[in-house]
Amino acid sequence: MEFIIELSTYMGENWGYLLELTVEHILMVLYGIVLAVIVGVPLGIICARSEKLAPIILSIANIIQIIPSLALLAILMLYFGLGFETVVVGLFLYSLLPIIRNTYVGVKEVDPHVLEAGKGIGMTPLQLLAKIQIPLSLPFMMAGLRIAAVIAVGVASIAPYIGGDGLGREIVSGINGRDEIKIYAGAIPAALLAIIADIGLGISEKRFKKKNA
Amino acid sequence: MIRLEGVEKVYEDGFQALKDINLEFKEGEINVLIGPSGCGKTTTMKMLNKLIDFTNGNIFINDKDISTIDAIDLRRTIGYVIQHIGLFPHMTIYNNVAAVPKLLKWDKERIDKRVNELLNMVGLDPETYANRFPSELSGGQQQRIGVIRALAAEPSIILMDEPFSALDPISREQLQDELLRLQKEINKTIVFVTHDMDEALKIADQIILMKDGVVEQKGSPEEILRSPASDFVKDFIGQDRLQQGNAIPVVDEVMSKEFVSIEEKQSVTDAIDLMKDKQIDSLMVLSNSHQVTGKLSLYDVINQTEQMVAEVMKPFEQNIESGASLSAALHLIKKHDLNELPVVDQDQQFIGIITRKSLIHVMSKSYSLVGNEGK
Numbered sequence: 001m002e003f004i005i006e007l008s009t010y011m012g013e014n015w016g017y018l019l020e021l022t023v024e025h026i027l028m029v030l031y032g033i034v035l036a037v038i039v040g041v042p043l044g045i046i047c048a049r050s051e052k053l054a055p056i057i058l059s060i061a062n063i064i065q066i067i068p069s070l071a072l073l074a075i076l077m078l079y080f081g082l083g084f085e086t087v088v089v090g091l092f093l094y095s096l097l098p099i100i101r102n103t104y105v106g107v108k109e110v111d112p113h114v115l116e117a118g119k120g121i122g123m124t125p126l127q128l129l130a131k132i133q134i135p136l137s138l139p140f141m142m143a144g145l146r147i148a149a150v151i152a153v154g155v156a157s158i159a160p161y162i163g164g165d166g167l168g169r170e171i172v173s174g175i176n177g178r179d180e181i182k183i184y185a186g187a188i189p190a191a192l193l194a195i196i197a198d199i200g201l202g203i204s205e206k207r208f209k210k211k212n213a
Numbered sequence: 001m002i003r004l005e006g007v008e009k010v011y012e013d014g015f016q017a018l019k020d021i022n023l024e025f026k027e028g029e030i031n032v033l034i035g036p037s038g039c040g041k042t043t044t045m046k047m048l049n050k051l052i053d054f055t056n057g058n059i060f061i062n063d064k065d066i067s068t069i070d071a072i073d074l075r076r077t078i079g080y081v082i083q084h085i086g087l088f089p090h091m092t093i094y095n096n097v098a099a100v101p102k103l104l105k106w107d108k109e110r111i112d113k114r115v116n117e118l119l120n121m122v123g124l125d126p127e128t129y130a131n132r133f134p135s136e137l138s139g140g141q142q143q144r145i146g147v148i149r150a151l152a153a154e155p156s157i158i159l160m161d162e163p164f165s166a167l168d169p170i171s172r173e174q175l176q177d178e179l180l181r182l183q184k185e186i187n188k189t190i191v192f193v194t195h196d197m198d199e200a201l202k203i204a205d206q207i208i209l210m211k212d213g214v215v216e217q218k219g220s221p222e223e224i225l226r227s228p229a230s231d232f233v234k235d236f237i238g239q240d241r242l243q244q245g246n247a248i249p250v251v252d253e254v255m256s257k258e259f260v261s262i263e264e265k266q267s268v269t270d271a272i273d274l275m276k277d278k279q280i281d282s283l284m285v286l287s288n289s290h291q292v293t294g295k296l297s298l299y300d301v302i303n304q305t306e307q308m309v310a311e312v313m314k315p316f317e318q319n320i321e322s323g324a325s326l327s328a329a330l331h332l333i334k335k336h337d338l339n340e341l342p343v344v345d346q347d348q349q350f351i352g353i354i355t356r357k358s359l360i361h362v363m364s365k366s367y368s369l370v371g372n373e374g375k
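First to last, the sequence lines map onto chains A and B.
Once you know that position 156 of the first sequence is 156 in UniProt numbering, the rest is easy, because the numbers rise by one and skip nothing.
Once you know that position 227 of the second sequence is 227 in UniProt numbering, the rest is easy, because the numbers rise by one and skip nothing.
Check each hint, because a few of them may be wrong.
[Unchecked claim] Reference excerpt, derived from the structure (chain A facing chain B, CB under 10 Å, subset only):
id, residue
1, Glu116
2, Lys119
3, Gly120
4, Thr124
5, Leu129
6, Pro135
7, Arg169
[Claimed, not checked] Residues of chain B placed beyond 12 Å of chain A at every Cβ, according to the derived structure:
id, residue
8, Asp73
9, Gly123
10, Arg149
11, Asp161
12, Val344
[What the hints assert, rightly or not] Pairs of lysine to aspartate or glutamate, EDC-like flavour, derived with a Cα cap of 16 Å:
id, chain 1, residue 1, chain 2, residue 2
13, B, Lys50, A, Glu116
14, B, Lys113, B, Glu127
15, B, Lys257, B, Asp345
16, B, Lys357, B, Glu253
17, B, Lys46, A, Asp111
18, B, Lys265, B, Glu253
19, B, Lys64, B, Glu27
20, A, Lys209, B, Asp13
21, B, Lys19, B, Glu8
Rather than coming from a laboratory, the hints here were simulated on the basis of the structure.
Glycine included, every Cβ here is placed at the ideal spot set by N, Cα and C.
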């Protein structure tokens, strides 16, 4: 009980700083994921259209995903130096696989009869993509985005090791100072962010699914 | 009109799917391609809108070689209904029906009007259904939308690939009836693929029966039922249906060759004497070349005794060719309210006549037979 009072007093006193860290945390995740969508969705579509390229692109994304997050960020630091951008690049790489794979599966899963109908009434390949394949694979893409977001919120917590900010800063300084309160003050908002991302994107995923059912 | 000339399809692995296909699909007719799976019926149809390309030969649509038409443009001018309905699940009924007009960039007002018109045509209230999604409709309703989607941009040709086979038997019957009703209004050239012989017999103007990439027989449902070209055709039609086909006699079996006649150049007085003599009220009139040209009844001759037969007789305006079915003859008789219908051979030479008497004779024979079987 005493601990909870202490924690809330600390968070109350430092809410401005914690909010700043939270915003930075969200920004890193947002930039990383937006980049991953911009690159990952087209790659996923390329995978769905080319049986030859699909295994190559998917294995590269898989390999990136296998590298432990701390190691990946450390390697990136060697090339990009310390700082915010390096974390964003790391989160981008980490988010690629779920987005590419889900786009690929989504486009592949479109009912071939619906495609045949589209082709038969005279849609061009580009119209097929824009009017049928992409809208119908949105629920899958949303699921990919959700997975990517949850992972990215977690990975972003180790950003301070390579010069980034975010809620990880509070956690790391807590570890260094053996300060339980600080660790919790960083960890709880970080966990909440992950939960909010999961639930929020989950709802929009369901909405798309319902519309397409 | 669609014409296929010597069309062949050879796949890369050397398999020849179609061999020397020569067909003609007439304007405003329902042409049914039928055969066992793998016979090439769907391939033949899909070549018409270039979903499958052919190896040899030529296909003409309204005398234009389709190899000179861009595939996308061609498809937008041909309606297409697929077996699995294939509605776009993420689009409302309105947007599904409007798909082709939108591709053709019609203005919104025109599209609205057309969609309403089409929905009404198949008995779906636009206000209720336009904003629903396909998943909210029954299978039969969905395929109605599939059919009107194909009609939306007013194509003169519609391709239908086993459109009703995925439906339950009742919906299937309903949609077949609706198609026939619609066809009377819209009068399109329809190419319809099916494997269901009952369906083909019900809706077709022309049936094309295929096997192993070859046309085994083509003709009207009646012709195919009456004279199957091979054992394969017989098997495919099935004994039951063949018997049904034979139950309807040809006009030759019904017509009578015995009648009292008079020549055109004889006088009406002669005719009256003949009628008195034979106790009848009408005579067939023969021309100089012994062709029956008309009929002379008692009413025609009253007070006309000064005239010649040729002047007062009623010439026949309708005739029917030998080999036609009785149903065709009955249709003519009903349509023109005839008492007699002459039967001619291929050279238009008179060979007999169907009268009300000969019809009753045939009917009484077949119905008394059925009566006896019943006991």
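Hints versus structure:
1. Glu116: Interface hint status for glutamate 116 (chain A): holds (6 Å vs cutoff 10 Å).
2. Lys119: Result: holds, 7 Å to nearest chain B Cβ.
3. Gly120: 4 Å, holds
4. Thr124: 6 Å, holds
5. Leu129: 13 Å, violated
6. Pro135: 5 Å, holds
7. Arg169: 44 Å, violated
8. Asp73: 7 Å, violated
9. Gly123: 22 Å, holds
10. Arg149: Violated: least Cβ distance 7 Å, not greater than 12 Å.
11. Asp161: 9 Å, violated
12. Val344: 46 Å, holds
13. B:Lys50 - A:Glu116: Holds, at roughly 12 Å.
14. B:Lys113 - B:Glu127: Holds, at about 13 Å.
15. B:Lys257 - B:Asp345: 13 Å, holds
16. B:Lys357 - B:Glu253: Status holds; Cα separation ~13 Å.
17. B:Lys46 - A:Asp111: Answer violated: lysine 46 (chain B) to aspartate 111 (chain A) is near 19 Å, above 16 Å.
18. B:Lys265 - B:Glu253: At roughly 31 Å apart (the allowed maximum being 16 Å), glutamate 253 (chain B) and lysine 265 (chain B) break the hint.
19. B:Lys64 - B:Glu27: Roughly 15 Å between the alpha carbons, so the hint for lysine 64 (chain B) and glutamate 27 (chain B) holds.
20. A:Lys209 - B:Asp13: 41 Å, violated
21. B:Lys19 - B:Glu8: 5 Å, holds
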